[in-house]
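Residue numbers (this note's numbering), protein chains in the order written: chain H, 1 to 335; chain E, 1 to 335; chain W, 1 to 381; chain V, 1 to 381.
Hints are computed from structural coordinates only; laboratory data are not their basis. Idealized CB from N, CA, C, for every residue including glycine. Check the hints yourself; a few may be wrong.
[Said to hold, decoys possible] Calculated Cβ distances over 10 angstroms to all of chain H for the following chain V residues:
#1 Gly22
#2 Ala39
#3 Arg122
#4 Phe162
#5 Gly164
#6 Thr168
#7 Asp190
#8 Gly236
#9 Asp259
#10 Glu260
#11 Ser292
#12 Asp322
#13 Glu323
[What the hints assert, rightly or not] Simulated pairs of lysine to aspartate or glutamate, EDC-like, Cα-Cα distance not exceeding 20 angstroms:
#14 H/Lys313 - V/Asp116
#15 H/Lys313 - E/Glu193
#16 V/Lys314 - V/Glu38
#17 H/Lys313 - V/Glu172
#18 V/Lys288 - H/Glu58
#19 V/Lys288 - H/Glu61
#20 V/Lys135 - V/Glu172
Here is what each chain is made of, one letter per residue.
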Amino acid sequence: MSIDSADTATGVQTLPFSKALNAGLRAAMANDDRVLLMGEDIGRLGGVFRVTEGLQAEFGERRVLDTPLAESGIVGTAIGLAMAGYRPVCEIQFDGFVFPAFDQITSQLAKLTNRHEGRMSFPVVIRIPYGGHIGAVEHHQESPEAYFTHTPGLRVVSPSTPNDAYWMIQDAVASPDPVIFLEPKSRYWPKGEVDPSARALPLHASRVVRRGTDVTLVGHGAMVTVLLQAAALAESEGISCEVVDLRSLSPIDYAPIVDSVRRTGRMVYGQEAPGFTSLGSEVAATVTEQAFFSLEAPVLRVSGFDVPFPAAKLEGAYLPDADRILEAVDRALAY
Amino acid sequence: MSIDSADTATGVQTLPFSKALNAGLRAAMANDDRVLLMGEDIGRLGGVFRVTEGLQAEFGERRVLDTPLAESGIVGTAIGLAMAGYRPVCEIQFDGFVFPAFDQITSQLAKLTNRHEGRMSFPVVIRIPYGGHIGAVEHHQESPEAYFTHTPGLRVVSPSTPNDAYWMIQDAVASPDPVIFLEPKSRYWPKGEVDPSARALPLHASRVVRRGTDVTLVGHGAMVTVLLQAAALAESEGISCEVVDLRSLSPIDYAPIVDSVRRTGRMVYGQEAPGFTSLGSEVAATVTEQAFFSLEAPVLRVSGFDVPFPAAKLEGAYLPDADRILEAVDRALAY
Amino acid sequence: MPATPDADAHDPALVRVLAADGTLAPSAEAERYLPLVEALPDSELETFYRDMVTVRAFDRQATNLQRQGQLALWPPSFGQEAAQVGSARATRAQDHLFPSYREHVVCTIRGVDPIDIIRLMRGLTHGGWDPTDPKNGNTHIYTLVLGSQTLHASGYGMGMVFDGRTGTGDPERDEAVIVYYGDGASSQGDVHEAMVFAASYNTPQVFFLQNNHWAISVPVSTQSRVPLVRRGEGYGMPSIRVDGNDVLASYAVTRLALDEARSGEGPRAIEALTYRMGAHTTSDDPTKYRTSDEERFWAQRDPIARMRGFLEQKGAAASFFDEVDAEAAAYADDVRVRTNELGSLDPDSMFTHAYSEPHPLVEQQRQWLADYEASFEEGRA
Amino acid sequence: MPATPDADAHDPALVRVLAADGTLAPSAEAERYLPLVEALPDSELETFYRDMVTVRAFDRQATNLQRQGQLALWPPSFGQEAAQVGSARATRAQDHLFPSYREHVVCTIRGVDPIDIIRLMRGLTHGGWDPTDPKNGNTHIYTLVLGSQTLHASGYGMGMVFDGRTGTGDPERDEAVIVYYGDGASSQGDVHEAMVFAASYNTPQVFFLQNNHWAISVPVSTQSRVPLVRRGEGYGMPSIRVDGNDVLASYAVTRLALDEARSGEGPRAIEALTYRMGAHTTSDDPTKYRTSDEERFWAQRDPIARMRGFLEQKGAAASFFDEVDAEAAAYADDVRVRTNELGSLDPDSMFTHAYSEPHPLVEQQRQWLADYEASFEEGRA
Ligand SMILES: Cc1ncc(C[n+]2csc(CCOP(=O)(O)OP(=O)(O)O)c2C)c(N)n1
Ligand SMILES: Cc1ncc(C[n+]2csc(CCOP(=O)(O)OP(=O)(O)O)c2C)c(N)n1
Ligand SMILES: [Mg+2]
Ligand SMILES: [Mg+2]
């Protein structure tokens, strides 16, 4: 066990997101020996992002499985393992490689609790590094959350800070329901404080991460950083932005958002995913329904464009940045 | 060739939707010998809904393929056939069986034109009978449109009448882009007029199917029938509903909808699919953006509930019917 | 291309114990299985026969119930009784069974109440029975997306290995998994991946393929031009082809394969050659795609007639067969009566098990629907 | 479990023509291929060698360019030159090739400009070259989702069959398809389905598996505990295992398999045993999962050294090798120069090919981005 492992420490530590996740996984495995990790290259190599580094050495090859190279196989056998009483945590190596497992996720995992009329539960976590900003080749930069949030029976979450990574992975593992756990891969490296003594918020709560009065900015994962940048820039122009980190993408904890919009009257949703039929569409439609009379402007969405994620050299033009968020803020304010 | 085949006739005929589709497919095959049909049980049996009945006898086993039982295989080989200059039309037997092909659709078919920088095109049509109201077992009643409309690179359409079925399938086959062609299976049997002499509308146009002044009702596929029922009931209560049939789910032809909402100030979207992160979310968010100052009430959505499609005996409670649409109409008017 | 039953029927590698008329006539490949057959007491042989007759009567009853509008659909097991009885009777109490959706015989043998299958096909549930209830004999529920369940079975088998519930050398305790799938399903990628995982983790597992020659209207020759049994070899799994209309052969090969698997020798594959004597489901019309010649060929190989012939040759009394017929009729009748008594569903129930833990959106919709329905009650009141 | 090269290396069923030092020492299985090897003129043998050396130099250059930050990623072909040169030289002009993503050698041999592969790995394109342009020798673009391309190849092969572009008996005209995939990819369901379709439609197709013993950090023993070549047999495909570090053997088995396939005899599978001598990609650190003993074992079986030994034994002059080295250096240098000259992308281009026909939402977003960017220009002006 490495000396800096967070679960053994009592005080607050500063860790990169990936190491916070690692510590959260280690704690989950130590707490419950039915927790298994499975995926491609997660054992000896520790995962291509080193999120599972050291865990096979610590817990053995029966708890951390380097599986055959087949995503449907990984999720499908995780389902069988859950039936046998395990709590499997599957890693999909990159966002774009989850689709071969889509049938097992959508038609099996998501529906099996219901199909069994609650007589079995399926505590399977599917970890997916997602999103852009890492300059990678095709299928390595996508944000597939909408496919999962549209699927009843799944829970979908995405931490944006090391502390959330540490706690949310443990809560996801503890959930009796299947959880799609989306890890914003561009956030793996930056460090943040992790407090292993107490969880800050329940798994499915959203969080106001910056207070403001003029416009509400909402997003999740790596977008939260962009929204905070935009809020800082806006401040210098005299515009006060409130920023909400969704954290849980399904279900969504709407109360803090609607609360905020009731005060600001304006909202911008930011996301890396293409905008059409997206999570941003959902949030915009529902917030509009719940805060209709407070809205001074329509909820505006700033999204990846509705084209395939482009070659890496264009990710800067494709992905919404603080300027594009600000452009929408200005439009919202112009109503 | 059966004597009632629509393509040989010159005048308007009355046909069930399934026979109109059959006639449209026959016309597409006759017009272009690169058009191939492929799928499970579509040849000798003519498909479980008999949509392809008689076509293998007419065009031979090389044009109408009874494939091995593997959906990823069907779509993946259709892609290869498209590379070889064919225009494959794949049938997925039921909505719930499209997910094994999801990777080939999402990461391959949808992206290959872009990946080839336009040097190859992928005129593949994927026909999917979808939706409920047929009292069937699990996986046979679902409405998966949101998964496809969220995917850049795909076009998604759904006819709601025999005439649209006849023309839209031909336009889909003629499209150089991949088209997901959603067939509302509860509409297969009712008859309607088919005019083989001229197409009424372009593939991607929406259509106002009933004029009204108080509330705009929007939907697609089998829901259009429900919206029309609701409009008729509303009329008896003195409420005038305009009804728009989306026809094309991606791209969406927003002009007629926004036009209508600018006049009515109220809109209800109806769909069988679960509502969360759905096409209805998209339409609600975008119409709100485009007609913000005209809206007297938020756009309301009436959807399948956000649970797995229930056992058949509960489909009546799950699927939105005219009463549930009217409930939303009343709520919209109460704002 | 139509199914070519003759070619298969004369496959020299086929394990067969009984000739079509029930005469004991083991094929060369059957030699090693004979001790298992010979060890079966008469009572067990009679049980095999009774199982087949009973479940056929149930199956016919269910088909009728569907025709009367009582069921949404019925996929008959008619013709596949020997493969199903033989394999299910070969399992041990501690084994786990993963059926596809036509394994009515398998399920009822393991203790599943046939009314639970009826409820599924009536549209009252997507599941039907509780695999964790001991009375259901570790029989998992049906899976309609073809091939998916093979991966669940491999995963379950991995769990057995990880937990040391298998491979200890004690066949009375060591667990195994058997998974059922069809010739059509064999083409699915999931079946391949299930074999990859099973081989990689050395699961105590039998892949039991019922090759009934058709996937709805598509003959098995479209799925493969060589015997499907050869697929298993590609993963290093010993693979056996058995006459699936011979209940004794089906029993023996499955028994041995399961016992080898549970002893730690790893997964095995069995291809049982059988025939779907009825329609694919009650929605299907087989005359569109197959000949009556072919149907006649297989009618002559009816698994029940074969076993009856065997028992008759062994000296079973006519009264035995009459008794079984009567029991079967009563069994089927009971199902009919209970089907007519099945109630309806409370709409609220569709929200109950979408998640194991409360979910705010679902709770909100549940409440909405309750209020909405109450508003009609009020309207009426 | 680490890769066990020794077991494989002594596989009696392996087709091998050259010993590790280049001595002509055909294995028993190689007999039927010898006429093909003997028919190769010296110039062709030299070409094989030149191909390998040239592309290795290019590969090393690309690895360096990645280290210098010029590329997003580089997956080296280092060590797999013989399998790739042999198989690619075995194709005929009319054949279609479907690579996975490490087939740099295959692609360049067929005419693809290496700078197009560089552009892909630099993040300038998801494609890189035009498979419909004759200069690219019917080489399809890379596919990164493992296994997917095998289905595209089967579909393309079906097209060849339907169009009568194959199986006429004229090897100069009959077309065939070869599809490349790895030992890791072999576990994907798509590969299975591709074989099912290929067998069912009797496509003129060769499944060319480069078993380089590793899928990133996972040894081939996790994917299969028996030789992967056995998978093909399960579909009725004649399947051959070849020493993939022996360019002559790789050439001969592929040549024959392609010619048999094009003559109408249906699909074939080849497993080429080779070794990824470098890292998985430039992001990878192989010391985390494999031993230097293993790397040394394979270094002694370097495909280029082997062919050089053979040519030396045949009497090639030292000057020939020097010339090839010089050419290779120049080739690699040219790539470096041209890489440095690569321009940037116009953001507008991301909208151009999302669809073949104009799409209103895309056009609207394209316009929005143009206006948005123009607003910054104005701001600056
Ligand atoms: C993935 C998937 N695709 C299609 C179907 C529709 N379908 C139901 S049964 C069937 C044929 C199955 O044939 P086989 O596997 O041989 O089983 P059998 O019906 O003969 O028992 C088909 C195509 C399905 N259930 N699942
Ligand atoms: C479907 C899918 N899953 C995961 C990956 C990530 N990945 C890229 S290469 C690789 C290993 C491939 O191994 P193999 O097929 O043996 O090819 P090799 O790299 O050895 O050439 C993995 C896991 C991927 N590209 N596609
Ligand atoms: Mg079958
Ligand atoms: Mg490899």
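The hints, checked one at a time:
no.	hint	in the structure
1	Gly22	34 angstroms, holds
2	Ala39	38 angstroms, holds
3	Arg122	7 angstroms, violated
4	Phe162	28 angstroms, holds
5	Gly164	34 angstroms, holds
6	Thr168	37 angstroms, holds
7	Asp190	7 angstroms, violated
8	Gly236	23 angstroms, holds
9	Asp259	31 angstroms, holds
10	Glu260	29 angstroms, holds
11	Ser292	16 angstroms, holds
12	Asp322	37 angstroms, holds
13	Glu323	36 angstroms, holds
14	H/Lys313 - V/Asp116	15 angstroms, holds
15	H/Lys313 - E/Glu193	52 angstroms, violated
16	V/Lys314 - V/Glu38	13 angstroms, holds
17	H/Lys313 - V/Glu172	43 angstroms, violated
18	V/Lys288 - H/Glu58	16 angstroms, holds
19	V/Lys288 - H/Glu61	16 angstroms, holds
20	V/Lys135 - V/Glu172	19 angstroms, holds
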